[in-house]
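For reference, the chains in residue letters:
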Amino acid sequence: MKRIALDKAQPGQILAEKLTRHDGVLLANQGSEVTEGLLRMLARQNIETIVIEEADGRSPEEVLAGYRSFLASLEARFVRVEGQPVLMALKKTMIFLAEKERDEALALLSPPEPEPQSAENASQD
Amino acid sequence: MSQPVTQDRSQAKKEVRRIKNLPTVPGIVAKISRMVENPETSAAEVGRLISQDQVLSAKVLRMANSAFFGMSRKISSISQALVILGFDVVKGLVLTSSVFDMIQKSMAGLWEHSIGCAAASGAVATLLGRDDAEEILVAGLLHDLGKVVLALNLPEEMKLVQKKVASGPVLFHEAECELLDFDHCDLGQWLAEHWNLPESLAEPMRLHHRPEKAVLKPECVAIVHVADVIVRAKGFGNAGDVLVPPISMAAWEALRLRKTDFLPILEILEPKLASLCDLTSID
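Protein sequence lines, in the order shown, are assigned to chains A and B. Quick note on numbering: the first sequence equals residues 1 to 125 in the working numbering. Quick note on numbering: the second sequence equals residues 1 to 283 in the working numbering.
Okay, chain A solo, but in the shape it has when bound:
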């Protein structure tokens, strides 16, 4: 994720953090899409910066390589505690989260695949 000035924000970007007003009132949830309307509203509320999800310029292969190197470094860090069930649960949780992050990064990289059904319809036309 990346913090950017509000005037650099573009419709279509995804908020990586929720936005609250100074008095704590929620303006937009994490995961919301930035729209022209939202940008105008945030400007009126004097919000100066927002945090957005970013495709970090990695190719799918690089995302997968990053995931594999994370797994290798995780194995190395846990080498002394392989027998401790509590820490194995911690490791498993970290792998679960890394898989989630990998899949989200891949999804952010490639525009969603058209539904197989509609693709078929298109080819029939």
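Take every hint as true, because none was put in to throw you off.
Derived SDA-like pairs: lysine to any residue, alpha-carbon spacing no greater than 20 Å straight-line:
(1) Lys100(A) <-> Ala274(B)
(2) Lys18(A) <-> Asp278(B)
(3) Lys59(B) <-> Asp88(B)
(4) Lys91(A) <-> Ser69(A)
(5) Lys92(A) <-> Glu267(B)
(6) Lys18(A) <-> Leu108(A)
(7) Lys91(A) <-> Val79(A)
(8) Lys164(B) <-> Val79(A)
(9) Lys8(A) <-> Ala28(A)
(10) Lys92(A) <-> Leu266(B)
These aren't lab readings, by the way, just hints derived from the structure by calculation.
Here the structure of chain A is known, so what remains is to put chain B in place on it, guided by the hints.
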């Protein structure tokens, strides 16, 4: 070359006591401690004292407004920080800001380990629904100060320990115990005594590797212990080795944590760690 490996523990302790240049207590921290001993002192007076040092105040406010505390409103003055975060937390932040340069200079990655452990302590405390989460976070921030003393005041001993750590999958603390007759926990305790730090900060410095021995705030020490393990598992910062240490089952059970608690803890922690990268330099 000096003889770094001392056989007798009390002898070692004496030698450490003899270090002439044990880091001096930051002047402002000593002043605050003296003020607090006087029951007549008001929070406003303490606030004025801290505010006199503009550089320090700015650092303290930066930490108070960081992802650590997740404040929805900006804290814009020391007096406001005192009201919102409480006296002990602000004092901990003043202490941290005052020793920031020392921590940075001592070991690459130790500052990051410290803020990571603080954030993880806060995450565990939050999950457990503790109302003293901020105090526990500060204890996490300062738990490894003993390593700063080892690095800055006992460089020969530090080199020996680092050499041992580099020789295989050896924990920094194991290498200390094998090669020296004191460890960074003892050094942290000695520093805390020398600086007259409160026992609530000294205890986690002394016992984060033996949390079952804690008396004053056993759950706080247990949380810092678990947080230390979690932040090392994340590989955030560098505490002197790159290994996950064994977890104290006594601490784990005392906190009544469950294995399924790791997921919410990590979900609280991850975005905080990402934002805390901003704090890697607080100047």
